[in-house]
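Undergrad: Sequence:
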Amino acid sequence: MPLFQNATFFTTVNHIKDLPDTAAEVAFVGRSNAGKSSALNTLANRTRLAFVSKTPGRTQHINFFKLDTGGEDYLVDLPGYGYAEVPEAIRTHWVELLGRYLQTRESLIGLLMIMDSRHPLKDLDVRMLNFFRVTNRPVHILLSKADKLSRQDQQKTLAAVRHALDDYPGVSVQLFSSSKKTGVAEVEAVVSAWFADRQPPHDDVLLDEEPDRDE
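Under UniProt numbering, the sequence shown has 61 at position 61, and the numbering climbs by one with no breaks.
Treat the hints as calculated values from the structure; they're not laboratory data. From a predicted model like this one, the values you see are computed outputs, not experimental measurements. Yeah, the Cβ is synthetic: ideal placement off N, Cα and C, and Gly gets one too. Take these hints with a grain of salt, some might be off.
Dumping the calculated EDC-like pairs for lysine to aspartate or glutamate here, alpha-carbon to alpha-carbon at most 20 Å [what the hints assert, rightly or not]:
(1) 180 <-> 116
(2) 180 <-> 147
(3) 66 <-> 147
Taking CB as the label site, the calculated pair distances span [to be verified]:
(4) 104 <-> 180: 32 to 38 Å
(5) 168 <-> 99: 17 to 23 Å
(6) 150 <-> 96: 38 to 44 Å
All chains should be built: construct the whole structure from the sequences, respecting the hints.
TA: As structure tokens, then:
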């Protein structure tokens, strides 16, 4: 069964202190209106798992979606960064919440960054990459709305973004389209590998070690 197929809404939080205990989680982040919620819905094969709006800034909290992996694994939808028609006090709260989550969340094993393929690597995107880079966790970029580009322009954009990311060894990139449902399998493969490669808990007992026995 696809990794995202049976994702279900779990909880929403607006303060770091309210974050739930999880074994591992992968977060979605991107500029406001880059297609983040649409990408999440497409990956989960659902129409309204994440709310989609034409108004930037509608995702105002951190939303958790539980994966059907048999463990405590989650997808996390983060507030969009950049333009949003909200009061400055709320915008400031979002920035602080997002920053603290990205740099301090121990169970966060990777980041899916959504960028509009027609406008990739804007200043805020680069700032976010640099901000997250210190965690040494992987980032996979989805160049969304790729169907709005010709095939030739898709490949040019993909090559240009890859070249721009030469100094970011932990960052990979692909084309993605929610409306055409293209690129889903590639995202599945990347995120599945992240979950498979996560570090085991420190208190795990090594199975190949024999217990001490009294002679």
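Undergrad: None of the hints should be skipped; say for each whether it holds.
TA: Cross-check of the supplied hints:
| no. | hint | result |
| --- | --- | --- |
| 1 | 180 <-> 116 | holds (15 Å) |
| 2 | 180 <-> 147 | holds (7 Å) |
| 3 | 66 <-> 147 | violated (29 Å) |
| 4 | 104 <-> 180: 32 to 38 Å | holds (37 Å) |
| 5 | 168 <-> 99: 17 to 23 Å | holds (19 Å) |
| 6 | 150 <-> 96: 38 to 44 Å | holds (41 Å) |
The structure is inconsistent with hint 3 alone, although it conforms to all the rest.
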